[in-house]
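Asks: Here's the letter readout for the chains.
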Amino acid sequence: MNLPVLKAADFASDQDVRWCPGCGDYSILAQMKKILPDLGVPREKTVFVSGIGCSSRFPYYMNTYGMHSIHGRAPTFATGLKSTRPDLMVWVITGDGDALSIGGNHFIHCLRRNLDVNIVLFNNRIYGLTKGQYSPTSTEGQVTKSTPMGAIDHPLSPLSVALAAEATFVARSIDAHVQHLGKTLKAAAEHKGTSLVEVYQNCNVFNDGAMAYAQERKQRADNVIELEHGKPLIFGAERDKGIRLVGSHLEVVNTADVPADDLLIHDAHDPNPSIQMMLARMRYPDMPEPIGVLRSVAGVATYNDQINEQVTQAKAARGEGDLSKLFRSGDTWEVTA
Amino acid sequence: MTTSTPTTNKKIESVPGITVRLCGDSGDGMQLLGTQLTNTSALAGNDVATFPDFPAEIRAPRGTRAGVSGFQVQFASEAIFTPGDTLDALVVMNPAAMVTNIGDLRKGGILIANEDGFNEKEYKLAKVESNPLEADVIDQSYRVVKVAMTKLTRAAVAEHGLSTKIADRCKNFFAMGLVYWLFGRSLDPTLRFIEAKFGKKPDVAAANVAALRAGWAYGETTEEFSESYQVEAAELEPGTYRNIMGNQALAWGLIAASKISNKEMFYGTYPITPASDILHELTKFKNFGVRTFQAEDEIAAIGATIGAAFGGTMAVTASSGPGIALKGEAMGLGVMLELPMIVINVQRGGPSTGLPTKTEQSDLLQVMFGRNGEAPMPVLAPRSPGDCFAMAVEAWRIATECMVPVMLLSDGYIANGSEPWKIPDMDELPTISCSHPEEQTGDGPFLPYARNENLARPWAIPGTPELMHRVGGLEKEDGTGNVSYDPANHQHMCDTRAAKVAKIAERIPEQDVNGETSGDVLVVSWGGTYGACHTAVNRCRQAGHSVSHAHIRYVNPLPRNIGTLLKSFKTVVVPELNSGQLRMLLRAEYLVDCIGINKIQGKPFAVSELVEAISKHTSTHSQSKAG
Chain Z
1 MNLPVLKAAD FASDQDVRWC PGCGDYSILA QMKKILPDLG VPREKTVFVS
51 GIGCSSRFPY YMNTYGMHSI HGRAPTFATG LKSTRPDLMV WVITGDGDAL
101 SIGGNHFIHC LRRNLDVNIV LFNNRIYGLT KGQYSPTSTE GQVTKSTPMG
151 AIDHPLSPLS VALAAEATFV ARSIDAHVQH LGKTLKAAAE HKGTSLVEVY
201 QNCNVFNDGA MAYAQERKQR ADNVIELEHG KPLIFGAERD KGIRLVGSHL
251 EVVNTADVPA DDLLIHDAHD PNPSIQMMLA RMRYPDMPEP IGVLRSVAGV
301 ATYNDQINEQ VTQAKAARGE GDLSKLFRSG DTWEVTA
Chain S
1 MTTSTPTTNK KIESVPGITV RLCGDSGDGM QLLGTQLTNT SALAGNDVAT
51 FPDFPAEIRA PRGTRAGVSG FQVQFASEAI FTPGDTLDAL VVMNPAAMVT
101 NIGDLRKGGI LIANEDGFNE KEYKLAKVES NPLEADVIDQ SYRVVKVAMT
151 KLTRAAVAEH GLSTKIADRC KNFFAMGLVY WLFGRSLDPT LRFIEAKFGK
201 KPDVAAANVA ALRAGWAYGE TTEEFSESYQ VEAAELEPGT YRNIMGNQAL
251 AWGLIAASKI SNKEMFYGTY PITPASDILH ELTKFKNFGV RTFQAEDEIA
301 AIGATIGAAF GGTMAVTASS GPGIALKGEA MGLGVMLELP MIVINVQRGG
351 PSTGLPTKTE QSDLLQVMFG RNGEAPMPVL APRSPGDCFA MAVEAWRIAT
401 ECMVPVMLLS DGYIANGSEP WKIPDMDELP TISCSHPEEQ TGDGPFLPYA
451 RNENLARPWA IPGTPELMHR VGGLEKEDGT GNVSYDPANH QHMCDTRAAK
501 VAKIAERIPE QDVNGETSGD VLVVSWGGTY GACHTAVNRC RQAGHSVSHA
551 HIRYVNPLPR NIGTLLKSFK TVVVPELNSG QLRMLLRAEY LVDCIGINKI
601 QGKPFAVSEL VEAISKHTST HSQSKAG
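Respectively, the protein sequence lines represent chains Z and S.
Counting from 1, one number per residue, gives the positions in the first sequence under this note's numbering.
Counting from 1, one number per residue, gives the positions in the second sequence under this note's numbering.
Misleading hints may appear alongside valid ones.
Here chain Z is said to cover these stretches of chain S; the calculated rule only asks that three of the stretch's residues, wherever they fall, bring their Cβ under 8 Å from a Cβ of chain Z [stated by the list, open to error]:
| id | segment |
| --- | --- |
| 1 | 249 to 258 |
| 2 | 281 to 288 |
| 3 | 310 to 320 |
Pairs of lysine-lysine residues, derived as DSSO-like cross-links and limited to a Cα-Cα distance of at most 27 Å, are as follows [as the list claims (entries may be wrong)]:
| id | chain 1 | residue 1 | chain 2 | residue 2 |
| --- | --- | --- | --- | --- |
| 4 | S | K616 | Z | K325 |
| 5 | Z | K45 | Z | K186 |
| 6 | S | K197 | Z | K325 |
| 7 | S | K165 | Z | K325 |
| 8 | S | K197 | Z | K315 |
Just so you know, the hints here were simulated from the structure itself, not pulled from any lab data.
Beta carbons are placed, not taken as given, at the ideal position from N, Cα and C, and that holds for glycine.
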């Protein structure tokens, strides 16, 4: 069969994109359109489901099926859809407020069920669409419209939450690091089970530069560490710094000062999330922040496979349901004229 | 195991019907006893109606009034529509059960008490000063039969070597045996039940059988009873019958709707009383293609339901009032997306957590209006346990024909009640055809919000190459479904969504009336009060009053002849288990004054209280007629 070769442009809908000029969302949209043709899934079998927020306008811009749902609940719609239509490739597009505040519950439960969907969480550490209130990932002390004296909440890390829920695929990337972003989205799509990709996304209107340490090319090398499975943890513009495990914590070392095999080798496939959790907890400025795939564990049953497997098993064991038999099951009696 | 019931040598008196209530502690097995008596009576060909009444706590403090669990059943040789007002017989296992229920026993009725449950400790727990059985007024008013059920049960099961604790659990079967003797019931269905339920524990099964038979034998030998009672089979419409509970009928109606529409079902829900039994029932039937999803919360339950509907599946969610409140925003999305689905509300006493195990009709305005914005939804209300089947099928028919979320409004009384149900022939079931467009016809792009004669949009589903589109909660542009903030378009879309629901009146039956279509009084009711209202109106009519009855099953839109009907009577009376919600709707819609009969006590109407209240509006007429 000859499948038409699709290009990124084929995934663009006829709707005008209405994000603010300079928003990080544009980059994520571009990378998504770029990787989708490579996945070999027809456009009509692709569905984007989103909640509410700037990021959640995403489905309108994709020439696929899509649903712009309600605040925080996108994973729930995806659950019903994927459970009944496992033939579809389902993406959940969400933000830090959407996924971690109002939708925190659904986020956790989607991950622990291991529904085979891909969640892309645009993290800009601010509420954009409601014009600038602090979000659950805003930093302590952050001054916003709703925190004039500084935020007093401790921020939540989506990666830590996901690992605690024993998610099978947990990754992070950065809007401005386009190649890395494309590669990470593709890996997420290829994973069977729930994939979470947190994307550092700049809100140039309400929180400009909040993650410049990771986004700007010049700063990035020293503040971010790119994880690769089976490779030692090395970073820095000169690739002269590394991470090693000492007891139960991680520390930064100069690679010149330690034997090469002292460095921690990244194991994304380890079912035990303990070291992955230590990596997720590395925070700028004390530590470099990890990007790439923290965790990718294959072979865990998915919710959608199992809900459908039970139906198949029940039909095999008891035969296709017969209404007439159902109605007459148990005690019945005849009334004659 | 022999399954024959012995025959009585005592006198048998034939009576048209019996109302009995079985009451004990939550842990005494009264619900089981009631269910068995109901099934046995139904199998004997009686018409039956039941009213289980139990505390919200699983094991409320033992021996207390709050912990009393009751099950009332009426069985009769004529058509009945309620579980009865006053009791012919009351079985009580302890003082708390007695003092909380004795008021409903008719004068001269039979009070059977487990004597062993009456002692100082129990009086204290029930907050009574002395043995209530020994009050003079009790002996004077009722036929009191004291039975040492605990001791007699222990003796009966002694040979099976059970611990005293386990042996004592058999005493509800002893009580059952006695009740079966008194009302001439066959032991066979319960013997079959014991075999099926306890077959894997032969000693427990044998002990229960022994207790059941001992109870029967006690009735036959005791001098307390000189006669037993017999209720002949009722004259029901010919056919095959079974006993069915409301939530079970609702689940089966959904399964039937799924089957006849050739759609597998997705049921997304979160546990809540009194709706959970629908989940328990549906999840047994995965071989019908039923996928049940116990969500993390009420919102996830309806979210998943909408997701499944978008994918082209028959999608259903259910809850009770508190959960429906949480689903409000998502229901609004369902209205906006114009996807077919069913939302079930099995009402309970409110507000807030309210009375979880008690019945009420106080969510009518909630399901009509409990969403932000102009978000009309059709509302259907079954009138009895068996009617839940038909209305579930209707809900799916309307949802798919009109591409709209449909609210099915049941209540705890119907949900837990049961009645004989005539098994439908397969060809009696309506046809429901669901289709999805497969390609773009005509010029231009696909229009996901184009409309047919029902104002329904096409149910185009993911996987269809030419029909890719995006839906969402932002206002849609007519036709294209694109986001639109245009003022005129918003007006048009709100009007269209409302008109679509209003037009359903063309696709539902006209309102039927019990009695004349004009006259003095029209009683208008809806939902689970059907049986009480029907019986009360019949009594008023027999007494010569000009009273007719319209019981509404289609609440929104109302049947197209309702307005004319309301205006054809001098007085319109609306009995409801709320403070006047349908009455408010009728007044607003038709500018007809309506008089309410309202009760919010967590209990259904008694027929007698309705007769009294209705009669107030007919007295002038009957006096002049009598004169």
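Asks: Now look at each hint and say whether the structure bears it out.
Replies: Verification of the hints:
1. 249 to 258: n = 3 at 8 Å, threshold three: holds.
2. 281 to 288: holds (count 4)
3. 310 to 320: It holds, with 5 qualifying residues against the three required.
4. S:K616 x Z:K325: 50 Å, violated
5. Z:K45 x Z:K186: Roughly 17 Å between the alpha carbons, so the hint for K45 of chain Z and K186 of chain Z holds.
6. S:K197 x Z:K325: Holds - the C-alpha atoms of K325 of chain Z and K197 of chain S are around 21 Å apart, at most 27 Å.
7. S:K165 x Z:K325: Given that 27 Å is the threshold and the Cα spacing comes to 40 Å, the pair is violated.
8. S:K197 x Z:K315: With a Cα-Cα distance of about 25 Å, the restraint between K197 of chain S and K315 of chain Z holds, given a limit of 27 Å.
Going through the hint list in order, the structure does not satisfy hints 4, 7.
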